[in-house]
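Asks: Read off the chains here:
There are 2 protein chains.
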Amino acid sequence: MHASAFVHRNYIHHPPIFSSCRRVCFASRLRSTIRMSLKEDGPSVAVVGVTGAVGQEFLQVLSDRDFPYRSISMLASRRSAGHHLSFEGREYEIEELVPESFDDVDIALFSAGGSVSRDMAPIAVQRGAFVVDNSSAFRMDPRVPLVIPEVNPDAMAHISLRKRGKEGAIIANPNCSTIICLMAATPLHRHAKVVRMVVSTYQAASGAGAAAMEELKLQTREVLDGKQPTCKIFKQQYAFNLFSHNAPILSNGYNEEEMKLVKETRKIWDDLSVKVTATCIRVPVMRAHAESINLQFEKSMDEATARQILEEAAGLVVIDDRSSNLFPTPLEVSNKDDVAVGRIRQDLSQEGNHGLDIFVCGDQIRKGAALNAVQIAEKLL
Amino acid sequence: MHASAFVHRNYIHHPPIFSSCRRVCFASRLRSTIRMSLKEDGPSVAVVGVTGAVGQEFLQVLSDRDFPYRSISMLASRRSAGHHLSFEGREYEIEELVPESFDDVDIALFSAGGSVSRDMAPIAVQRGAFVVDNSSAFRMDPRVPLVIPEVNPDAMAHISLRKRGKEGAIIANPNCSTIICLMAATPLHRHAKVVRMVVSTYQAASGAGAAAMEELKLQTREVLDGKQPTCKIFKQQYAFNLFSHNAPILSNGYNEEEMKLVKETRKIWDDLSVKVTATCIRVPVMRAHAESINLQFEKSMDEATARQILEEAAGLVVIDDRSSNLFPTPLEVSNKDDVAVGRIRQDLSQEGNHGLDIFVCGDQIRKGAALNAVQIAEKLL
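Read top to bottom, the protein sequences are chains A and B. The numbering of the first sequence is my numbering, which starts it at 1 and goes up by one. The numbering of the second sequence is my numbering, which starts it at 1 and goes up by one.
Simulated from the structure, these hints should not be mistaken for lab results. Treat the hints with care, as some may be off.
Which copy is meant is left open, because identical chains are indistinguishable; a pair holds if it fits in one copy or across any two.
Claimed, not checked - Straight-line C-alpha distance at most 20 Å; calculated EDC-like pairs for lysine to aspartate or glutamate:
1. LYS379 - ASP64
2. LYS336 - GLU40
3. LYS227 - GLU214
4. LYS275 - GLU351
5. LYS235 - ASP321
6. LYS166 - GLU222
7. LYS263 - GLU351
8. LYS217 - ASP337
9. LYS227 - GLU332
10. LYS275 - GLU298
11. LYS232 - GLU332
12. LYS263 - GLU311
13. LYS235 - GLU332
14. LYS379 - GLU351
Model the full assembly from the supplied sequences, consistent with the hints where possible.
Replies: As structure tokens, then:
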């Protein structure tokens, strides 16, 4: 850890001009008192893309988990620089992201898109920072660990703030759909080895950012009022509709979102033999993804064992009340840390006890992005 | 065909009292002129459950397809009896459904729920009517054909108005999810034999009736206005949410909706060996279902062949524009006859060319119910 002096980076000691605070109205979600997480011996943290949906959630999660930071830099594009935001009872000025932003930064949480990560994460590393990157830029880079802390913490066991040299390192946050899927599939995989997985997703607006969530709301009101829906973020009507995920389609007919599930699963499980297919669909839901997952196991996996394994797994909650017909829903898991799993049943279409169907829901912004990244940052301490 | 006299059943010659017409406001969707489909030598038709979403669509489809009826009885529960509705430029009085309703009826289109079908369809048959039943009451009865006209017309080849004796017969309309799935899967099955199918559905409000569609609209407005959503039809919030299909869960953990897909596929394909698993999910969409379908074939089935087969199949339209990222959506197929299929691609998780992923959308009320039933009725002529 850097033995630097006690510095509140970007901390403004005088009352801020609140009227200039735009797009950062999450103060009400945070505790307003000055928190104990401001630790002299904690790391200095930078949040890159702080005005975005995931950026804001980074702050929320840091606060919720009492992350022991020494200082925080609030970094964004030039457009947002100079605006103020309040966090844990202090006021911060948003700074433009430049190479010098990473001087004296221990941990940088990135969520500002792939091109920003590709440009700036290596610079941050050169300047000594550990980057937890939420973009897809480095996920498949063999030198970069791709980590879900409950699933493959060992992949980053060699990286720690205590053991760093002159340079830092990048740790990649998996794609939201992969995290939510593997939170449920991995405990079962450990027990009976998943050989094949067929996934169909029901993905929320939040995956396309805060503007997409706003567009869904706007469109929905327009449709209810009999008006033509505004289509800016997506090129087709989203309200009361669903469509194939808007990620580009590759030559094999899969879209990039689907291939993330295929490839990231192999890397995270360190198992090139696991077979995965996925169909990713965007549904008119705000901030939590759902996934219907069909599993094929090498060994026997009966339903009762599966339920017990899932009930005991960290970060997972089983909602599987058949008599009341209550199972996971996106709304139920919204703003929550745990991924929910239900509809646990032996797959009728597979011989013996080698198949299982499950249905999972997880908050896309939280465990699908910000929470997982902050959990990675905690592992660095 | 009955050689009965020319009778306009329930046809009111005098101007109706429009103020008493409730719940039947679909006149605007129908052509207002008197149509040529009123044929002296056509069958007399009864529509059972005429005030429901499917009942109203029966009329729409009969009109759209110039179904050559001699007369139509508009039948419903006592609650709706006495109300008037207009159809093809004529005014009809809705009658209470009683055994005598079927005297002199050639074809009865039923969509008034399973218990009404169980009680009244056998009575209709005894009185000489051919019943096309949209409920699940007789679907798995080995004596009753379960028919999608494009898929298994031969199952009802022995039944015809021209060949009837004293009694009529029942033909069952499959469940909406089954019809929409098999419209796309069957042409492929004929070519390479489907041995296993993994289906995840995205089901619209219409499957739970007109009141559910209204509740979705109401809830959505309430949520946008920051109010508590009204939950009467469904016990949980539907607006901006999704949930496991509300059909009862069976002892094997599947819900009844899912088991319909499993069992009806076997019966329609006359193939007890086909393995099917399904996860049925209700999404906040109005009237068209979507389904993500993973297929496993006995023989080789390459993507190009699959596309050609689907393009040539009756009742199916291929929407599969990878460069523009345009694929089937529920909105696109709403109020349309054809089922749309897209995202056609070789399944990466299966060896050789034995797997395929597809995504289908179909209007739940139309091909999923009313259109299929009227097509069956046409086969009876």
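Asks: Against this structure, judge whether each hint is valid.
Replies: Going down the list of hints, with the structure as the test:
1. For a Cα distance limit of 20 Å, the shortest separation of LYS379 from ASP64 inside one copy, 16 Å, qualifies, whereas the shortest one across copies, 65 Å, does not.
2. In this assembly of identical chains, the alpha carbons of LYS336 and GLU40 never lie at most 20 Å apart, being 29 Å within a copy and 66 Å across copies at closest.
3. Taking the shortest alpha-carbon separations for LYS227 and GLU214, both the intra-copy value of 17 Å and the inter-copy value of 18 Å come in at or below 20 Å.
4. Taking identical chains as interchangeable, the C-alpha atoms of LYS275 and GLU351 lie at most 20 Å apart whether they share a chain (18 Å) or sit on different chains (10 Å).
5. In this assembly of identical chains, LYS235 and ASP321 lie within 20 Å of each other by CA distance solely across copies; the values are 14 Å between and 39 Å within a copy.
6. Taking the shortest alpha-carbon separations for LYS166 and GLU222, neither the intra-copy value of 55 Å nor the inter-copy value of 56 Å comes in at or below 20 Å.
7. Taking CA atoms no more than 20 Å apart as the test, LYS263 paired with GLU351 passes between copies only; the shortest distance there is 17 Å, against 27 Å inside one copy.
8. In this assembly of identical chains, the alpha carbons of LYS217 and ASP337 never lie at most 20 Å apart, being 24 Å within a copy and 30 Å across copies at closest.
9. Taking identical chains as interchangeable, the C-alpha atoms of LYS227 and GLU332 lie at most 20 Å apart only when they sit on different chains, with a minimum of 17 Å there against 31 Å within one chain.
10. Taking the shortest alpha-carbon separations for LYS275 and GLU298, both the intra-copy value of 12 Å and the inter-copy value of 19 Å come in at or below 20 Å.
11. Taking CA atoms no more than 20 Å apart as the test, LYS232 paired with GLU332 passes between copies only; the shortest distance there is 19 Å, against 29 Å inside one copy.
12. Taking identical chains as interchangeable, the C-alpha atoms of LYS263 and GLU311 are never at most 20 Å apart, the minima being 27 Å within one chain and 31 Å between chains.
13. For a Cα distance limit of 20 Å, the shortest separation of LYS235 from GLU332 across copies, 13 Å, qualifies, whereas the shortest one inside one copy, 29 Å, does not.
14. Taking the closest pair of Cα atoms, LYS379 and GLU351 never come within 20 Å of each other, the shortest separation being 41 Å inside a single copy and 39 Å across copies.
Of the numbered hints listed earlier, those contradicted by the structure are 2, 6, 8, 12, 14.
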